[in-house]
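Enquirer: For reference, the chains in residue letters:
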Amino acid sequence: MNRVVITGMGIYSCLGKNIDEVREALFKGKSGIIYDASRKEMGFRSALTGYVEKPVLKGKLKRRDRIGLAEEGEYAYVATVDALEQAGIDMDFVQNNEVGILYGNDSTAQATIEAVDIVREKKDTTLLGSASIFQSMNSTVTMNLATIFKLRGINFTISGACASGSHAIGMAYILIKHGLQHQVICGGAQEINAYSMASFDALSAFSIRESSPTEASRPFDSKRDGLVPSGGAATVILESLESAKKRNAPILGEVIGYGFSSNGDHISVPNVEGPVRALQMCLKDAGVKANEIDYINAHATSTPAGDMNEAMSIDQVFGDAKPYITSTKSMTGHECWMAGSSEIVYSLIMMHNSFIAPNINLETPGKEAAGLNIPSQTVDANIDIFLSNSFGFGGTNASLIIKKYTGE
Amino acid sequence: MLKEQVIETINRLLIEEFEIEEEQLQQVNENLMETLEIDSLDLVDLVVIIERNFGFKVVPEEMAEIDTLQDFYDFVAERAQ
Chain A
1 MNRVVITGMG IYSCLGKNID EVREALFKGK SGIIYDASRK EMGFRSALTG
51 YVEKPVLKGK LKRRDRIGLA EEGEYAYVAT VDALEQAGID MDFVQNNEVG
101 ILYGNDSTAQ ATIEAVDIVR EKKDTTLLGS ASIFQSMNST VTMNLATIFK
151 LRGINFTISG ACASGSHAIG MAYILIKHGL QHQVICGGAQ EINAYSMASF
201 DALSAFSIRE SSPTEASRPF DSKRDGLVPS GGAATVILES LESAKKRNAP
251 ILGEVIGYGF SSNGDHISVP NVEGPVRALQ MCLKDAGVKA NEIDYINAHA
301 TSTPAGDMNE AMSIDQVFGD AKPYITSTKS MTGHECWMAG SSEIVYSLIM
351 MHNSFIAPNI NLETPGKEAA GLNIPSQTVD ANIDIFLSNS FGFGGTNASL
401 IIKKYTGE
Chain B
1 MLKEQVIETI NRLLIEEFEI EEEQLQQVNE NLMETLEIDS LDLVDLVVII
51 ERNFGFKVVP EEMAEIDTLQ DFYDFVAERA Q
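Quick note, the sequences are listed as chains A and B, same order.
Everything in the first sequence is counted per the numbering used here, starting at 1 for the first residue and increasing by one.
Everything in the second sequence is counted per the numbering used here, starting at 1 for the first residue and increasing by one.
Certain hints may be false.
[Said to hold, decoys possible] Derived contacts from chain A toward chain B, CB cut-off under 7 Å, selection only:
#1 L61
#2 R63
#3 T126
#4 G129
#5 S130
These are calculated hints, taken from the structure and not from any lab test.
We treat Cβ as the ideally placed atom computed from N, Cα and C, and that holds for glycine.
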């Protein structure tokens, strides 16, 4: 079985447009949340959202490549360019190897809605243009990126709600471990437009702390009142250790465990038993004990029930071991289909720079979280091994364990 | 719309929206798709651009009759009157 390492990463998020900007924001505990007044006009209960600027791709991508990209595809493209550059994977390498792509995405709302609006108005589908279909299929991100980068390996989109970005990495890890792929571009992308969040807002699941947007996302805090939607994209390049060494690629970390489960319970309220099984499976796969985990990047989205249940599942599995635990969603909001991948990137940044970004807005932990080691300020800390959780609607759970690569 | 205006508008749209170089537009009597390096998907978008800027809808059978860039100018100029 092959060992699986990470040889490149890229990010385009509300914390920054590249790794350097994001590192700075994480270290300072900056929030990327804003108040978007247009949502109020649309009829949203909460106008809070992460903010990501639209990338400018004209001049960078030729027209045919560019127009098939919907919002989330643009973010994914930018993040992937950076990741491939860091990994030293160029077009020459791609032509001579079967590099694959497994990317997380679970919506294409704006592209679909705008297409329907045109048809309704014009009563003529040809006026949609040639790019509409490539923007509005669920697999828009992978189909476009596979075409742009001329990839010839595995090629499909993984939809697992808010665990999409995590499952994408997990599935790539399995393929590489078993020698079916040697390099896979993984990630998660999330459109941030109002159309994509309207039906989520309908659940009254978002925070309405609109008077102070940067304080609205407060995972584990007793005064949390809901999540804040956010988005962008994050890419990690997974590769077999053998392939990475052969081409002298940088090694940013090693993926040593992937655990998953389904709750078989409520469609939106997570339980404790499901995540516990995913955590245990992950630790077993990694061959590490709970007390060897230095840091947990929690899923915790700032919902009353969700954070509580995750705290209980972590407590059950980690017991006396008190790893540092934070939810970067306190700064980014809930990046949904992107989160599983972006949180690996955030955690890798922390690992490489020996700090733990704060779980901001934690003033009084809720009672389930009171026994957990959750820093609300930046901490200098050495991270050798971290674990990342992502849980989604439908009870889909994913846990990943990444270890620092020391050359052995 | 005067024919010169039609040609100028078409050229502007081809340069701005299709990212075609000015030199490529000199070859008015060569095959349209080859000189402009456009494929069948691009033709779909050409139909949209015509509708939006000249107010009429091209049907696929009409597009099939157009061979050169000059044919295209003539076709649009006639329909745009």
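Enquirer: Decide, hint by hint, whether the structure agrees.
Expert: Now for the hints, and whether the structure bears them out:
1. L61: 10 Å, violated
2. R63: 5 Å, holds
3. T126: Holds - the Cβ of T126/A comes within 7 Å of chain B, reaching about 6 Å at its closest.
4. G129: 5 Å, holds
5. S130: 4 Å, holds
The structure fails hint 1 only (numbered hints given earlier).
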